[in-house]
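I would like the entire structure built from these sequences, with the hints used as guidance.
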Amino acid sequence: MSGLGKNKPKGILLEGWYATVDDYAICGAWNPNGTILVVGDSIGGIYGFEGKSGTVLWEQKRTHRDGLLCMAMHPHENILATGGQDGTFMLWNAQKGELLQEINLGRGWVDTLLWSSDGQLLAVSIARRVHMYRKDGSEIWKSADHPSTVSAIQWSKDNEIATACYGQVAFCDASSGEIHETFEWKGSLVSMSVSPDGDIVACGSQDKSVHFWRRSTGEDSMMAGYHGKPSALSFDESGRFLATGGGNSVTVWNFQGEGPEGTKPGTLEIHIQPITKLSFAHQGVHLASGARDGAVIVWSLDDSGNGDIIGASLVEEIISDLLWRPDDRALAALDAHGGVTVWQVGN
Amino acid sequence: MSIHEKVPVTILTGFLGSGKTTLLNRILSEEHGKRIAVIENEYGEVGIDQALVINADEEIFEMSNGCICCTVRGDLIRVLGNLMKRRDKFDYVLVETTGLADPGPVAQTFFMDEEIQSEFSLDGIVTLVDAAHIEQQLGRSDESTEQIAFADVLILNKKDLVDDEALDALEVRLRDMNRMARVVRTEKASVPVETVLNLEAFNLDEVLERRPTFLEPEYPFEWTGVYSLEPGRYEISLAEGPDPTMSLVIVSEQNTDDASLREGAEWCVRRYAEPAAASEPESDLTMGSHIELQLQASGRKSFYVQIDSSIQIGLFAQHTAEEFDMQVINANGDVVPTECERIWVAQHEHDDEVGSIAIEKEGDVDPNRLNAWLSRLLAESGIDIFRMKGFISLAGQDKRFVFQGVHMLFDGQPEKPWGDAVRRNQLVFIGRNLDEEGIRKGFEACLV
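Residue numbers (this note's numbering), protein chains in the order written: chain H, 1 to 347; chain A, 1 to 448.
Hints were generated in silico from the structure; no laboratory data involved. Each hint should be verified, as a subset may be incorrect.
Claimed, not checked - Pairs of lysine-lysine, DSS-like flavour, derived with a Cα cap of 25 Å: (1) H/186 x H/208; (2) H/96 x H/135; (3) A/6 x H/208; (4) A/399 x A/416; (5) A/34 x A/6; (6) H/61 x A/89.
The model shown is predicted, which means the values in this text are computed figures rather than measured ones.
This is how it looks when you write it as structure tokens:
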């Protein structure tokens, strides 16, 4: 990607700020009003950056013993949840970096955390289980062991979460943990994305395919032919497009009308290294893609799911996360080198 | 963008009680200056400050296509995927499997997952063997057989619990199953760290230096006896035995230590490959060449050797001395006792389904034909081929092409230039019920 120029953003990506954390920047989150970007690194450092300038507002080092794995920002309040290899999740005040609560779930890695859209519930996955907590840190239920380690969780309805693991997707009642439905598939489901209306559940599989189910009809389909395992999946806010990684190109399935079965997907090609992260903007059809070589591209999709490049930049290393600010006027890229790059997004 | 070296990974297998945890603790406590991450599937007693020990429950992920070669270890993908995010701090990764683990999915993980493959390289598979119990285990479980078959290094642990003869027989049996592995005997899992780490197990040159004829068929003789002789004429006397003939090579200046016996054996393998000269009873025998004693006549038969100076000779015989009541008798009619005896157990005496095929051929290979042949072979027999490795002289390429594979998965790259060395090919296949002749012919058809 020599034409892009290192650290010289093009198109709608405009110079913003750059900062570093101590190790591999694993995950991040914007606070609800977009004034703070929180970033976590692999050795358990958590950093609160002032959203506009990149000034460090607070930092907490070595929070999770053995490493941090995930974080989730409360949708309406400045409460951050983090999880790690120590089997613990922690709740933080995202403005000040103060630890509010620390809850240990036993042996295993806390792999994923997810707030409900009203912010009342926090779903936590550890090893083969899912636990449901209230905002105050009190536990509502914990699931029985899944057949294997839970690889992804997503809200499928207001009162229901979907869990993916090797061999199945299950739908659990958010207030009781009772399983409503399971879809079985002999394959290792490594990623999951649920359409905004909750009808379509798409999973990337280790065997280089994307499998999806329509809950309303019970139909399922498999999209094969990927060059790598599709670990990056993202639905746009309308539920029309599912962008999938897996190899160097982005494949966009269009769920409008009869599709995507039997239709030709959109293909976004410019990356020369495998895609590591895909993220749709909160509004509209702008899709950000990041790759192993640190390239970040912003695409504007047309009705067919094909798209034009409207922004591009290159950071140092493997892109680990791409985070649109809640107003979509800034985009943050985290990388394996510990880099935190934030671009302003122009028109 | 920085270019990283891949982090080498050793897989440590072996049945419960074979000494894996002892070995791990030994490696971790030794001063080698390396940062090692250990992924454990068994809750052992490993706990050393300088190493990161991660416990993971074994999760075997099969694919929807039903292909066993695509089966991987999900727990390893997850743990390694996370380790690569703190890669700078680790020089090495050790994966300890459960005693009952099938090594296939563990090894396949390093070929099947592109992210893992881009950051880690499978350096070698080390299998610990409890010398006292492996014979029973081999009879009872496929896993133990496969752990032997997949190994680059076989550590025969607890050798103190078994006598030398049984250990020799065991080693021969294990070698029959896996001819590419290096065999190390030890007690209390006390082996140098280099035996386990940075094996570059796919460096066949090194294997060849250790055992120059490892690519040859198994020893064609069953027995060696070493005798100390003064100058004089000696009779070799044999009673009637199970066969009408017996092949023999007499080695002069044979020492009795293990290394010398092996050296003698390797030398004799080459003599045995030459056509045998028939020796009738009452004749004088030639030293250092392949002879075939003619034993058709009834009663005891005598052959003679003339010794001109004090030496130790080694008789490398097709059958054991016991079978023919073979004796060496001096001019006074006294039976000369052996200084030592050694039994070489030949492959045909075992019916292990698992075995090795080794091919060595000089010349260049046509890449297209090789590709077509290998694709066909792996498609047809990939399930039964546990491992293969070797190097190839590809026509038109100035570097040797080094490859390794696990079941149907194959990985190779150009390495050292040939320079002045003779261009040749070496391939080793380890698997179950392999069609040796078919594989040999298939490869030979790829030669230019």
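Holds or violated: residue 399 of chain A with residue 416 of chain A, Cα cutoff 25 Å?
At roughly 5 Å apart (the allowed maximum being 25 Å), residue 416 of chain A and residue 399 of chain A satisfy the hint.
Residue 6 of chain A and residue 208 of chain H: Cα distance at most 25 Å?
Roughly 23 Å separates the two Cα atoms, so the pair holds.
Given the proposed pairing of residue 34 of chain A with residue 6 of chain A, does the C-alpha separation stay at or below 25 Å?
holds, 15 Å
Regarding the pair residue 186 of chain H and residue 208 of chain H, is the alpha-carbon distance no greater than 25 Å?
holds, 13 Å
Quickly compare the C-alpha distance for residue 61 of chain H and residue 89 of chain A to 25 Å and report which way the hint goes.
The hint holds at about 17 Å.
Could you grab the alpha-carbon distance between residue 96 of chain H and residue 135 of chain H and see if it respects the 25 Å cut-off?
Holds: residue 96 of chain H and residue 135 of chain H sit about 18 Å apart, inside 25 Å.
Violation of the numbered hints given earlier is absent; every hint is satisfied by the structure.
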